[in-house]
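Chains as they are written, first to last, in the working numbering: chain A, 1 to 358; chain B, 1 to 116; chain C, 1 to 539; chain D, 1 to 193.
Since the hints were derived computationally from the structure, they do not count as laboratory data.
Even for Gly, the Cβ is constructed at its ideal location relative to N, Cα and C.
Take the hints with a grain of salt, since some may be wrong.
[Unchecked claim] Covered stretches of chain D (chain C as the covering partner; in silico rule of three or more C-beta atoms under 8 Å from a C-beta of chain C): (1) 9-18; (2) 21-28; (3) 59-69; (4) 94-106; (5) 110-120; (6) 155-165.
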Amino acid sequence: MFDFSIVSSWIHGLLTGFMPEGLAIFLECVVIGVCIMLMYAVLAIVLIYMERKVCAFFQCRLGPNRVGKYGLMQVFADVFKMLIKEIITLKNSDRLLYNLAPYMVILASILSFACLPINKGMEIINFNIGVFFLMAASSIGVVGILLAGWSSNNKFTLIGAMRSGAQIISYELSVGLSILTMVVLTGTMSFSEIVEGQADGWNIFKGHIPAVIAFIVYLIAGNAETNRGPFDLPEAESELTAGYHTEYSGMHFGFFYLAEYLNLFIVSGVAATVFLGGWMPFHVSGLDGFNAIMDFIPGFVWFFAKAFFVVFLLMWIKWTFPRLRIDQILKLEWKFLVPISMFNLLLMVLIVVFGLHF
Amino acid sequence: MNFMMLVVAVITAIALVVAALFIAKAISPRSFNPQKGEAYECGIPTRGKSWMQFRVGYYLFAILFLMFDVETVFLFPWATIVGELGVNGLISILFFFGVLILGLAYAWKKGALEWK
Amino acid sequence: MNIKDRILEIVPEAQFAEQGDLTATIPAESFHALAERLKNDKDTQFDFLLSLTGMDWGETLGVVYHLESTVYGHTIVLKTMTADREKPELASVTDLWRAAEFNEREVFDFFGIRFINNSDMRRLYLREDWVGYPLRKDYDDSLNPLRMTNEVTEDTTEELSVDEEGNLVNKTNVLFEDKEYVVNIGPQHPATHGVLRFRTSLEGETIKKIEPYCGYIHRGIEKMNESLTYPQTLALTDRLDYLGAHQNRHAVCMCVEKAMGVEVSERVQYIRTIMDELQRIDSHLLFYSCACMDLGGLTAFFYGFRDREKILDIFEATTGGRLIQNYNTIGGVQADIHPDFVKDIKEFIAYLRPILKEYHDIFTGNIIVHQRMKGVGVLTREDAISFGATGGTGRASGWACDTRKRKPYAMYGKVDFKEIVYNEGDCFARYMVRMDEILESMKIIEQLIDNIPAGDYQVKMKPIIRVPEGNYFASVEASRGEFGVFIESHGDKFPYRMKYRSTGLPLVSAIDTITRGAKIADLIAIGATLDYVVPDIDR
Amino acid sequence: MEIKKPKIKSMQYEDFQDNEYLEKMVAELNAEGTNVLLGKLDDLINWGRSNSLWPLTFATSCCGIEFMALGAARYDMARFGFEVARASPRQADMIMVCGTITDRMAPVLKRLYDQMPDPKYVVAVGGCAVSGGPFKKSYHVVNGVDQIMPVDVYIPGCPPRPEAFYYGMMQLQRKVKLEKFFGGVNRKEKEEK
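Sequences and hints are given; from them, build the entire structure.
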């Protein structure tokens, strides 16, 4: 199995060979920062392109195909245009909060993005309480949304912000509980250890019934966390025109747009890591030849493949279901998902305590 | 190293926004007219204030969330070692868990989970 | 029971017209009492105010009421007038028929007639600062240049009411308090289906009150008609409710043909009926698409549009137009059907039947759809009749109001089809009525398509038509309700007054009643299932 | 640097009916001259803008239905990247005036236009928006949106066919491709204090 830490320590050795350690570390940090930024931008563009193509095929259409081959350059053109679009200054807004909101949203998504283990030895932030940190980091995002809605001094944005306040934080509970269920199974909160622990089988197979329930609950709640249909209430197009980011233009809006897609990826990435084995290849015990072939595929390919599979699932849901109403959303969370995940947690504890898992 | 990476990520996030906004501000065209900065409300001037007292319904869920979230935070450390603690760990946490479920049941019965 | 005798018994001074529909002219002072008797008496029961038309007869200003009984099916036309052109005042009938609320505002807007006891005497279509009353014959358009200032919306309304001593007093009613959280939904909003504006007073997500504002697409078609010859007026009717273009035009043609006593050939009747039903399917498919989109199910939107294109192809082959076809003419149709017409329609029906099942699979059966639509936005039968909410909306409330059954025209008397009636009156019933009507329309087309008789497609007509003096009313079942045409002719080549009974105006006037206490998301679902077309409301 | 005739992928330059006005624009731009670097930057910016024209969801009447048909499966405007119809003018690049503009609507439309960020484009769709169309003589209809705001492209028809919409939109793309950004064309409006 390819271990990325070999590469990073090789680079570190190379750099410290001809420059002081401090400078080398500084340089590495800069490189990592640039890498995060690039990966962030590229992933967002890939996801937007994917969304547009996937929904086009669901809807018997072709999707973008004029800009570049197969419309590959379409999203680049969009991002580029947004970058050179005017940023409107509002008259009666709360300037500070209005300008702060995109920072919060981007900060939340980059911090949680940095937690994802992409390959063995290739996780940027690797805390021993990684799961916990990720949940904390991602919940900053809702602050950004609330700020955006509140500071714009617009009635639609305010309703959008209030909706997201009620919705996103409610669903955080289910996300937390379903991940907690898996933490009970894995016995660790560090992402890298969670993945390592799945060498002999992905968690969703190891934890069987409660793991599958937790996976489903997580998918629903995660979908709601990212404000995507059928839970796209905070930005319900046909109700609140554009929801909480109604008053944002140009790149300001672009950040919300990018963050929305990146959050989709983060939710999928966490699902892939916690439930589907992260960068761990698919192994079937006993079939050594098969396992060797699977090992040959690098870990980051596995990770992205799994993450994009979950992304596709979520897109499928988004383009199929109509939107829920605010009271139904909260009812679904508090009267169904929370009790289910609580009992699921108990079930998992029982299974772990009595050693009934694989 | 990890905490340094955390700082790197934070700086990256801020740098990304600052850089993009800088480019946008520097080269984007600009036009001015008296209506541009006003609030958008389907093309009609806004009536009254947008910032006013808002219904408590939204906050109720926020408060409920806070209660449950804080309690699940306490569950996390236990969850990592429940496999080692075995049955004792399960029974001792059941009391805590019972309180949690009772809390939800109480909120449910009180009608706090209904959207009004 | 003779209605004429009954009216004479109540108001001995009533006069009856010689020509046209049965019309009684009633003095203004005894009008309200008569209207009350006609509505409440057991054997008359005129509970449905079909149409309320303002008139300018030169010396006098007045109103024409078309009444119908949903119990007995009989109709009557009442006229009342006032000679005071400076301060015209007539009694309001809003206490009897709620449909009058918006219609009287329309009359006030166009003619300046103030209705005593109507609590809401504001302009309906024009800006508050509009000068003069455009449909009066002496209106001067130069007083109203294009105003580019933002319109100031008042939060109060004027009422002309009668105090205890019987004197007329001006009263001010408050629409919205200062403290209320009032949000404008529309005119530019993806879910208002055009440029309708709802001022919505919210409490959190709950709607406390809603106030519709029309007129953002008021094009003054009725006024323009007064200076157009009859064949010329046809061009504008297509653009009223563009999803019922055929049916609108059918109504106007029928009304003029009725006035002239022209018999159109059987072939024309067949073609018109088939085209009307195709148009209905087209409109209902669009309804399905838009309802899905408004509820957030975007994929279903594309399914509906995909299949709608097939109808447009059929239209295009025969008429040359996709959306607006300009097909019906007075005395016939513009051109004979395309040689492939029959074949195309048969193929289309064979194609659509299984597809409809797919629609139900992807959208109707979805649990979220049920949750969003069932029990939401209930319109009772009484309200539906009182507001005059015809079409799918009325039938979803249990009111069998299909004009095709009530007053059969064209081939509808001879084909076998079921009138779809649901009793729940909620969004889901309104949705299902339309989905089921697609099936019934296909059934009608199937019965007709094979036996289109040979014959002329156009009766020879003169280019300039003079309709004999009198007033005439004809109505058809358009895609979204009863579309009526009222023509008063003074024997000229131009109509003296031409009024369309809008199918959408009653729906919009009922929206406050339906949405009270609902949520914002429900408003969208209600708006989608009421299925109004804004240019048809504003005319 | 010489500014060339705008090329777009979907249709040959010669196939367009009215190239004269574009050639006039090209000649005007060439008369002033630009240096190569700025010219290349302009090309890049124009490529981005012309390929990402997001319309505002705005329709008043019949043409709006054809606009929806344009977005639907058969005509699929997503191919050109037009499908991201934004309901808020803050995020839209162009406003397609689909349908009649009445006296009451005119200030609303103007307000929406004012609230859009630069660069913004206007397409007048249908007879009504172009000139008042069949309702030209009405007391409550604006005779063409060009009376209240600058229009970039006119699409005649009542309502125009979806193909006509495309033709007009491609004309707009070509026009956008001829903009000169680094010469100050877009910065004409200055703040009024």
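Verification of the supplied hints:
With 0 residues having a beta carbon nearer than 8 Å to a beta carbon of chain C, the region 9-18 of chain D misses the requirement of three or more and the stated coverage is violated. A stretch counts as covered by a chain when three or more of its residues have a beta carbon under 8 Å from one of that chain; for the region 21-28 of chain D and chain C the count is 0, and the coverage is violated. Counting residues of the region 59-69 of chain D whose C-beta sits closer than 8 Å to any C-beta of chain C gives 9, which meets the bar of three, so the coverage hint holds. Evaluation of the coverage hint for the region 94-106 of chain D: fulfilled, as 7 residues show C-beta separations to chain C shorter than 8 Å, against a requirement of three.
Counting residues of the region 110-120 of chain D whose beta carbon lies closer than 8 Å to any beta carbon of chain C gives 3, which meets the minimum of three for the stated coverage. Counting residues of the region 155-165 of chain D whose CB lies closer than 8 Å to any CB of chain C gives 3, which reaches the minimum of 3, so the coverage claim holds.
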